[in-house]
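**Student:** As a plain string of letters, each chain reads:
4 protein chains.
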Amino acid sequence: MADGIGLTHGADLARPVAGEPAPGRGQGRAKVAVLGATGYTGVELVRLLMGHPGVEVVAATSDSHAGERLDRVFPHLRPCPIRLLPTSAPVLEAVGDAAVVFICLPHGLAMEKVPGLLEAGKRVIDFGADFRLRDDAVYQQWYGRPHACPDLLGEAVYGIPEVNRARIAGARLVANPGCYPTSVILALAPLAGWPGVEWSAVVADCKSGVTGAGRSPSQGTHYPEVNDSLRPYNVAGAHRHVPEMEQELESLVGGPVRVAFTPHLVPMSRGMLSAVYLRCRPVPSVEELQAAYRRRFEGEPFVEVLEPGELPATAHVRGTNRCHLAVTVDGRTGTVVVFSAIDNLGKGAAGQALQNLNVMMGWPEDTGLQAPGLFP
Amino acid sequence: MADGIGLTHGADLARPVAGEPAPGRGQGRAKVAVLGATGYTGVELVRLLMGHPGVEVVAATSDSHAGERLDRVFPHLRPCPIRLLPTSAPVLEAVGDAAVVFICLPHGLAMEKVPGLLEAGKRVIDFGADFRLRDDAVYQQWYGRPHACPDLLGEAVYGIPEVNRARIAGARLVANPGCYPTSVILALAPLAGWPGVEWSAVVADCKSGVTGAGRSPSQGTHYPEVNDSLRPYNVAGAHRHVPEMEQELESLVGGPVRVAFTPHLVPMSRGMLSAVYLRCRPVPSVEELQAAYRRRFEGEPFVEVLEPGELPATAHVRGTNRCHLAVTVDGRTGTVVVFSAIDNLGKGAAGQALQNLNVMMGWPEDTGLQAPGLFP
Amino acid sequence: MADGIGLTHGADLARPVAGEPAPGRGQGRAKVAVLGATGYTGVELVRLLMGHPGVEVVAATSDSHAGERLDRVFPHLRPCPIRLLPTSAPVLEAVGDAAVVFICLPHGLAMEKVPGLLEAGKRVIDFGADFRLRDDAVYQQWYGRPHACPDLLGEAVYGIPEVNRARIAGARLVANPGCYPTSVILALAPLAGWPGVEWSAVVADCKSGVTGAGRSPSQGTHYPEVNDSLRPYNVAGAHRHVPEMEQELESLVGGPVRVAFTPHLVPMSRGMLSAVYLRCRPVPSVEELQAAYRRRFEGEPFVEVLEPGELPATAHVRGTNRCHLAVTVDGRTGTVVVFSAIDNLGKGAAGQALQNLNVMMGWPEDTGLQAPGLFP
Amino acid sequence: MADGIGLTHGADLARPVAGEPAPGRGQGRAKVAVLGATGYTGVELVRLLMGHPGVEVVAATSDSHAGERLDRVFPHLRPCPIRLLPTSAPVLEAVGDAAVVFICLPHGLAMEKVPGLLEAGKRVIDFGADFRLRDDAVYQQWYGRPHACPDLLGEAVYGIPEVNRARIAGARLVANPGCYPTSVILALAPLAGWPGVEWSAVVADCKSGVTGAGRSPSQGTHYPEVNDSLRPYNVAGAHRHVPEMEQELESLVGGPVRVAFTPHLVPMSRGMLSAVYLRCRPVPSVEELQAAYRRRFEGEPFVEVLEPGELPATAHVRGTNRCHLAVTVDGRTGTVVVFSAIDNLGKGAAGQALQNLNVMMGWPEDTGLQAPGLFP
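Residue numbers (the working numbering), protein chains in the order written: chain A, 124 to 499; chain B, 124 to 499; chain C, 124 to 499; chain D, 124 to 499.
No wet-lab data here; the hints were simulated from the structure.
Just so you know, these numbers come straight off a predicted model, no measurement behind them.
Do not take every clue at face value.
For identical chains, the list gives no copy identity; a pair is met inside one copy or between any two copies.
No more than 25 Å apart at the CA atoms, straight line, and that leaves these computed lysine to any residue pairs for SDA-like [claimed, not checked]: (1) K154 with P269; (2) K154 with Q493; (3) K154 with A217; (4) K154 with R268; (5) K154 with S323; (6) K154 with R404; (7) K154 with V406; (8) K154 with A494; (9) K154 with E179; (10) K154 with G457; (11) K154 with G378; (12) K154 with E433.
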């Protein structure tokens, strides 16, 4: 019965290919720039780029720390001689001769910079939400302002390689997904096409570490307010990750999808765990579901369907680009429950961006992303 | 439309009454004993009893620390001159002239001790699962052994005062509920009788601090394995709290209830947060739901329905017997989502036990339970 | 040899007296006001005052939350009907008919308010540093500005009851000590007068939870920067607690004292642990030291000298006004090492302030401060 | 004046040399075995070895998990196909054709295995204490039993490359140091030979994350007992790291050294911070000290002397083999205070072991150890 799974998106489901090896340390490397290198996603990207044999970081920017060495702001990177340029400089000046530009800026800033970058022949991977929604009106509804370059919304590719690999490969502009959507979409992708799933009322109960809230201090992320406590926030469909989650799931499923999404703030630095509940009639067996999940992610270097009896823990993917999935069925209620664990800064942000770069450059997809997780 | 709420259990819905004041410090006090005083729930109970003006702890037991002063094992209680007796002593010897006995022992031990205690005229509040399930067969199915005194199962009262107040008042034997069931039942009680609720597939996504796992060290609760990580456990309806949750909800609802229940382990010491998702057609408005919740818990000293826009955090109930509830509706999916925060050692265990004692003794229900939470 | 210990301050070493009982709930209570009730020390004070039978909080202020109910800002206090007034209002208006005013404001604000309060016949307990230093010049050197009412510096009493009890009892103005000085002074007080102590180079290696840094968010107290990390700060004698520590120790010792003080930030919310190292020739035995410590703190309700072999943990005093001391001797180096654990918000701030109030009012010193700690 | 620093150990102070590149992924690799791969230090070593281009792990053992795949026990390593052999098997069988054997076993086990391994021509790096002390009698005094092969104590090299590089290079048997000694020795090494240092009473106040206590669960490392708390342990010179610390410092200093050492348990998983206090007359200036420290560690890839004004945080070295040092002088007491931050599993254990391997094999010393830290 799983024959139809994902068939409507066959082109994108191409398995990762080995590609040309990335140029080694002694050879010419692809030049990249990082706009916004002192937020948590930006600095995590730099951390990963430092271990990537095929790239050279030719520019990194930060308005708050312009002029400083990056490793003075972030001693964990030492030694790292990158000196920060101001983000507010004219963008083509800021990025220099970079061929690929990563934008790790707050929502709303990328759309001012992207047109110029594309025009200058750069390729762009944007960490923010500016290019994730394909529909201008939906953007405006959720972000409260008109989009500055709506014409690019159709071109931008939503950057989950396990879903959109082929289109990412050729993209000029990749919208790096939100952490919650990544986590939920990977949990559900194998069920696209599965018969009898009630897509109108999926429940996604998601829990995130505090780095997901960014690096700017606030009352809600002040240590004593978070420590030894747990709380939901932006409940009842108020979180801006809802529309992108539904948009991408609808593409996969080929019909309307509605997600009752609740984010929670967990007293930990990194890590995201989603529990996704959905109904399906007839109720599938856990065995056939697991088989379908394995088939769907076969050969994927970063998505692992855990063995029966195993359950994910966020610490097991800490520092990596990996996603651990566990598929279960609650027999007494006929509920399929899928658990998905990622590092919100890894597969939820910088790791996935680097994976997207590898796809775009035709390099082996795990280049620079092979390091095991850090546990404990 | 809320007229019918809980009508089938009208007797138990009696509001808390002022009762006779508990005897003050200078007067005669009720004598109580604590079996198993060196687990987390036991010692939390002693902490609360120390501040209760109407009780005197005449005995406390512990096999692991027999002979020691309790405040040598737990310096936070100092000064507390209680000397621990062995739990394994003959029970009537151990509890002395206590009129009420709290049993804070692992599952399976209470049923050996309770018949003798009742026979000797003691009243018992049992923290374990031995007397929570009314059906012998269900007990055996979930706990894997026959019950030692099935005849008492019908008499035992499930000790959530907000649900079973009247019956608790007269009970000889109170089964103090599990922390997860308390959290979920309080979240759902106001919906008993609500038209159009789909009780066959409630989703309860629950998160607990680590004290919920008890005080015995294990690999899974070793600090570095828990810290900065989050994980589900006992998923797919495997947790033993499922049957008591469903049993009590069925009593309230007057029909079958099935809960897809997922517990998670959160890197914090105390605290439990449940997100309960259910469908209801027609979809109620959040305003009428909140009004119903307020009506249902009006006058309750320990359950608070938060204001619109407020959401609970476990730290806000830390150290207390309180439950904070937030009622929301996810409009796009027609899902009612109720959040419930308690301290798993408070309203989830020792606090509720003390509340039950107050009800049993006819004392004001908040005696010894008025201290504000400890935040941060 | 311990005869001389503390003799120079005999008057202040009076043991706590039972005093008149504080007026009970039904009787007239002393009226108090709290300026700055939404910082961590202020709200902790309110939490304690709520359990004190002899006081009535007639006013509480906050500029950031003026007009709000305090328990809307801090749900752990619920129910607490106090409505916040603006701190910036004229001070006599703000405090109303309070007889005692607690000032929990940032350094520099109290000295503007205190003269008017005293003139109006109020008694004041100030949590800040404005009145801790007796010497105007020292104040100016450490706080970088002239003092607004240097004439009051001589009158203010440094509020550690175990050291200055008699003077506190009659004081109009009590300077509630810093958390670090409290911790270190209690650790060293029994050694005043001990022969052979090298007071010129005491080492105080101190570690604090993050609430010690206050409630205002900052980069350094942002959750992900603190979690799972440890760091020193304000090292090499740069911390402003140095001069008050040395001033009070010099009073006790009757000669110059110099402390090499290092504060550290620990990933925990509450708690302070100090390890104080000092040399003494001849090297005392641990037994005679412990005996001296016991003698010095005999009858003190809040200072406990642990048994030989016991060591303090901050969690054991969490939420209390207690100080746990352990006295040890490192034989191979001839170093006396004293460990001192307090709750930085308790004995390090609000608890001690309430103890000072009890002393000032002639009430039993532990009124409102008897609740055991919250562990875990 | 710093001329004399360390001169007595000139041979060992050789700077790291580039060495032959380690064989690459496609080439022959050095075969290594790990005895005890499921403790925290063992599995951290495997994590690092997985990223080392010059080694092949031919065997890994664990009695508790014999027969399992290592990445089933530790999902953060996935994919890692190593299957665990029993540690209790005959050692030459267990290690197969490994040329170098890492022993990550509890104290006392290595000394039974090492003689056979050396005889068979293997080289050994032992993580335990069995070969750290050069004097049989001192071993027996601290570990309470006679040493099984005292004749090897003289041959074993204490494996801190920054101190003993030359001897490590040629060693058959390297005793990988304890985490506390590594931290303290690096903090003090530059002062060997400095005039006027009082070596008879150094104070080392050290703080460790919980992984330092190993992976076996215990009451003291149970999550709720550690979380949000801080405590000293093994105080007053009782910790077994004292004799190795003093032994190595005496070698460096060329005379008696006594350390008043206090370890603390900090609520974090990884990380160690030491504050080392010592007196020196005349009191050196901070500038000349910093200059001496920079000279001493010039060219060292893993030891960094922070800039004036910078202070270390353990999170900045998390997951690395690095040591961050800050040198300060407390002018008012004439105390030199040196701060040293390492990852107790990195430079404090597995990282240093790998560095030792690189030295032993003549490879560039940072091979496999270049990854930046994981922050946050």
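**Student:** All hints, please: hold or fail.
**Tutor:** Okay, the hints, checked on the actual structure:
1. K154 with P269: neither (33 Å within a copy, 56 Å between copies)
2. K154 with Q493: both (21 Å within a copy, 21 Å between copies)
3. K154 with A217: within (13 Å within a copy, 47 Å between copies)
4. K154 with R268: Cα proximity of K154 and R268: none, with 33 Å in one copy and 52 Å across.
5. K154 with S323: Answer is neither; intra-copy 44 Å and inter-copy 56 Å both fail.
6. K154 with R404: The answer is neither: 51 Å in one copy and 54 Å across copies each exceed 25 Å.
7. K154 with V406: neither (51 Å within a copy, 51 Å between copies)
8. K154 with A494: Result: close both inside a copy and across copies, 22 Å intra and 20 Å inter.
9. K154 with E179: within (5 Å within a copy, 33 Å between copies)
10. K154 with G457: neither (51 Å within a copy, 49 Å between copies)
11. K154 with G378: Neither: 40 Å inside a copy, 55 Å across copies.
12. K154 with E433: For K154 and E433, neither the intra-copy (41 Å) nor the inter-copy (32 Å) Cα distance is at most 25 Å.
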